[in-house]
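Protein chains: 2
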Amino acid sequence: MPILLFMESKLKKYSVAVLGATGVVGREMVKILEERNFPVQNLKLLATEKSTGVFINFQGEQIKVEKVTTQSFENVDIALFSAGKEASIKFAPAAVKNNAVVIDNSSAFRMKNNVPLIIPEVNPGEIKKHNGIIANPNCSTIQLVIALKPIYDFVGIKRIIVSTYQSVSGTGKQAINELREQSQAFLNKDKIVKKVYPHQIAFNILPHIDIFLDNGYTKEEIKMINETRKILSDNSLKITAFAARVPVFYGHAESVYIETDEYISIPGIKQLLTDFPGVKVIDDPSRFLYPLPIMSENEDDILVGRIRKDLAEENGINMWIIGNNVRKGAALNAVQIAELLILEEK
Amino acid sequence: MPILLFMESKLKKYSVAVLGATGVVGREMVKILEERNFPVQNLKLLATEKSTGVFINFQGEQIKVEKVTTQSFENVDIALFSAGKEASIKFAPAAVKNNAVVIDNSSAFRMKNNVPLIIPEVNPGEIKKHNGIIANPNCSTIQLVIALKPIYDFVGIKRIIVSTYQSVSGTGKQAINELREQSQAFLNKDKIVKKVYPHQIAFNILPHIDIFLDNGYTKEEIKMINETRKILSDNSLKITAFAARVPVFYGHAESVYIETDEYISIPGIKQLLTDFPGVKVIDDPSRFLYPLPIMSENEDDILVGRIRKDLAEENGINMWIIGNNVRKGAALNAVQIAELLILEEK
Numbered sequence: 001m002p003i004l005l006f007m008e009s010k011l012k013k014y015s016v017a018v019l020g021a022t023g024v025v026g027r028e029m030v031k032i033l034e035e036r037n038f039p040v041q042n043l044k045l046l047a048t049e050k051s052t053g054v055f056i057n058f059q060g061e062q063i064k065v066e067k068v069t070t071q072s073f074e075n076v077d078i079a080l081f082s083a084g085k086e087a088s089i090k091f092a093p094a095a096v097k098n099n100a101v102v103i104d105n106s107s108a109f110r111m112k113n114n115v116p117l118i119i120p121e122v123n124p125g126e127i128k129k130h131n132g133i134i135a136n137p138n139c140s141t142i143q144l145v146i147a148l149k150p151i152y153d154f155v156g157i158k159r160i161i162v163s164t165y166q167s168v169s170g171t172g173k174q175a176i177n178e179l180r181e182q183s184q185a186f187l188n189k190d191k192i193v194k195k196v197y198p199h200q201i202a203f204n205i206l207p208h209i210d211i212f213l214d215n216g217y218t219k220e221e222i223k224m225i226n227e228t229r230k231i232l233s234d235n236s237l238k239i240t241a242f243a244a245r246v247p248v249f250y251g252h253a254e255s256v257y258i259e260t261d262e263y264i265s266i267p268g269i270k271q272l273l274t275d276f277p278g279v280k281v282i283d284d285p286s287r288f289l290y291p292l293p294i295m296s297e298n299e300d301d302i303l304v305g306r307i308r309k310d311l312a313e314e315n316g317i318n319m320w321i322i323g324n325n326v327r328k329g330a331a332l333n334a335v336q337i338a339e340l341l342i343l344e345e346k
Numbered sequence: 001m002p003i004l005l006f007m008e009s010k011l012k013k014y015s016v017a018v019l020g021a022t023g024v025v026g027r028e029m030v031k032i033l034e035e036r037n038f039p040v041q042n043l044k045l046l047a048t049e050k051s052t053g054v055f056i057n058f059q060g061e062q063i064k065v066e067k068v069t070t071q072s073f074e075n076v077d078i079a080l081f082s083a084g085k086e087a088s089i090k091f092a093p094a095a096v097k098n099n100a101v102v103i104d105n106s107s108a109f110r111m112k113n114n115v116p117l118i119i120p121e122v123n124p125g126e127i128k129k130h131n132g133i134i135a136n137p138n139c140s141t142i143q144l145v146i147a148l149k150p151i152y153d154f155v156g157i158k159r160i161i162v163s164t165y166q167s168v169s170g171t172g173k174q175a176i177n178e179l180r181e182q183s184q185a186f187l188n189k190d191k192i193v194k195k196v197y198p199h200q201i202a203f204n205i206l207p208h209i210d211i212f213l214d215n216g217y218t219k220e221e222i223k224m225i226n227e228t229r230k231i232l233s234d235n236s237l238k239i240t241a242f243a244a245r246v247p248v249f250y251g252h253a254e255s256v257y258i259e260t261d262e263y264i265s266i267p268g269i270k271q272l273l274t275d276f277p278g279v280k281v282i283d284d285p286s287r288f289l290y291p292l293p294i295m296s297e298n299e300d301d302i303l304v305g306r307i308r309k310d311l312a313e314e315n316g317i318n319m320w321i322i323g324n325n326v327r328k329g330a331a332l333n334a335v336q337i338a339e340l341l342i343l344e345e346k
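Top line first, the protein sequences correspond to chains D and Z.
Under the numbering used here, the residue at position 56 of the first sequence is numbered 56, and the numbers go up by one with no gaps.
Under the numbering used here, the residue at position 257 of the second sequence is numbered 257, and the numbers go up by one with no gaps.
Treat the hints with care, as some may be off.
As the list makes no split between identical chains, a pair holds if one copy fits it or if it spans any two.
Cut-off 30 Å, straight-line C-alpha distance, at most; resulting in silico cross-link-like pairs (DSSO-like, lysine-lysine) [said to hold, decoys possible]: (1) Lys173 with Lys189; (2) Lys97 with Lys31; (3) Lys280 with Lys189; (4) Lys64 with Lys112; (5) Lys31 with Lys158; (6) Lys309 with Lys85; (7) Lys90 with Lys158; (8) Lys31 with Lys189; (9) Lys270 with Lys50; (10) Lys270 with Lys238; (11) Lys12 with Lys97.
Since the hints were made in silico from the structure, they are not lab data.
Turn these sequences into a full structure, and let the hints steer you where they fit.
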């Protein structure tokens, strides 16, 4: 990882706020700030709904979650936002006005020209261009781009075709409960109750993530296309995406086909990926070793396996990519952006 | 459907055997022979293991399942085989020697030059070339090829890239039980017991179906590639496949990207698919209508939706294909081949 661990007490410390602190990603952000010894002077936990009496542990201290207002960001240096697009649009200007830097996990600002979209291992230099807001890419984009970046840099990529297998934790707490409750109801032959998804998710697959656009794509698919191009600064990259929700709790999977500009061998790709920060190759089918969603549980690296040549297309390569959508796909990447930010400030 | 229903008693009747009658596909074959009024003179139910005292209902009669021997096929006209590759290799010669025609659901003979590989809606004419054995394609191949055939015929297809989401019923009874038991154990926080699959299948995805080959592909993936080329009689077709097992009981799903030789509009594709026998278009995202694995339960047609243009490649098209892997993917297609066979005989 290109990131220092901030262990030394003489370093500057920062006032940090987490908006959406009671959500799946927000709680993970707090955990990761502690795990990575982020130099926190003061931690403010915020939520859009008044969660009366909710406390979250940080470094042994119980911190009360407060309802966010436009006044919440006074004296905040870094604000990690993960309360959805509407909350980001509503509260980011107030945070920026108070001189906080917002690291936003929603899709609100990702495609704005003056907002850098950062994966620290991929395009750290872009962070300098920020104007108070830095965007965290979509979970499916992060794991795709980090695994393709070393190949992109070494031999070029002209074509990407990706099909996702995304877990319900990407939707949030209610979806995790829905998968659990529907699965139990199905096994008991009870009635399946649908609250979060328009169709049964237990023992089923929904070819539908986020809203549908007029061109027949979902917004999730278009995010993957547009964000990948922006992060790689390559608008001529041909990329298409299909996104599906699967009955898995944690970990997103992707079946990825790429066409490179120049020839590269499979051992060459494995070496590139092994050497790249944040990526781990698990690819020994003879021992039934390949990435699985359940492997991502305590995993910060993106896992890549099933790497093989297309038998019909000379520079075609297939691979299977798994990422922890809550950590590297969201909370961890956001905290890594914050680490990069304070490194840049020095 | 190009197949007649044989309602009239004056038609010739046939002595039919089902090998693998106690399996998921075998039981479905018996059901479908009855449903479609196949002109059965006499039905012989066979299994490789002696299933003492197992009876299966056919047309109101309880038929005892017998242990198969090389003598079992005397006076049998049509033998439907679905007891795995080894049983097919062992018993098909005996059946053919007894002048039975074998319709084989295993992969044993599919790629043999003198064995036609038939989807009745796609390549019925090939059946004339049989020498006693007709092969039923792999479940994932059938649903892919039937949905692509009308497009292939109308504008040509030069490239197919497919990622599958395959249900556990494709593995058999034990796998259905394993998904049920592991899911319950997971929800109860009990130990997950693995018997059929090398890894937990409940709330997980395995990028692994059938055995691994030296080139990094699984046999399932290679089957899809080779069988598609054989059925379409097109060895220059560029096709690559990735196959994954998902925690779904019934119904296989496929995310499919194709590149056509000539331009075709999306409404044009929908019309072609709607007009093609055995295919149904379900594609109205504004009403959350798209194919789902659970829709395939009582469905003989292959369901196609999420049909859309690739935004980067002029003749690129994405779609989502669902099929009932036990019926059209196996048992139904086999019985349809038998119907075609007796039609050809007249």
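Hints, verified against the model:
Taking the closest pair of Cα atoms, Lys173 and Lys189 come within 30 Å of each other both inside a single copy (24 Å) and across two copies (19 Å). When the C-alpha separation of Lys97 and Lys31 is checked against a cutoff of 30 Å, the pair qualifies only within one copy, where the shortest distance is 27 Å, while the shortest distance between copies is 70 Å. In the homo-oligomer, the alpha carbons of Lys280 and Lys189 lie at most 30 Å apart only across protomers (29 Å), although the nearest pairing inside one protomer, at 41 Å, exceeds that limit. Taking the closest pair of Cα atoms, Lys64 and Lys112 never come within 30 Å of each other, the shortest separation being 33 Å inside a single copy and 70 Å across copies.
In the homo-oligomer, the alpha carbons of Lys31 and Lys158 never lie at most 30 Å apart, since the shortest distance is 38 Å inside one protomer and 50 Å across protomers. For a Cα distance limit of 30 Å, the shortest separation of Lys309 from Lys85 across copies, 28 Å, qualifies, whereas the shortest one inside one copy, 39 Å, does not. In the homo-oligomer, the alpha carbons of Lys90 and Lys158 never lie at most 30 Å apart, since the shortest distance is 38 Å inside one protomer and 49 Å across protomers. Only between protomers do Lys31 and Lys189 lie at most 30 Å apart by alpha-carbon distance; the minimum there is 24 Å, versus 38 Å within a single protomer.
In this assembly of identical chains, the alpha carbons of Lys270 and Lys50 never lie at most 30 Å apart, being 48 Å within a copy and 49 Å across copies at closest. In this homomeric assembly, Lys270 and Lys238 come within 30 Å of each other (Cα to Cα) both inside a single copy, at 23 Å, and across copies, at 25 Å. Proximity of Lys12 and Lys97 under a CA criterion of 30 Å is satisfied intra-copy only: 22 Å inside one chain copy versus 86 Å between copies.
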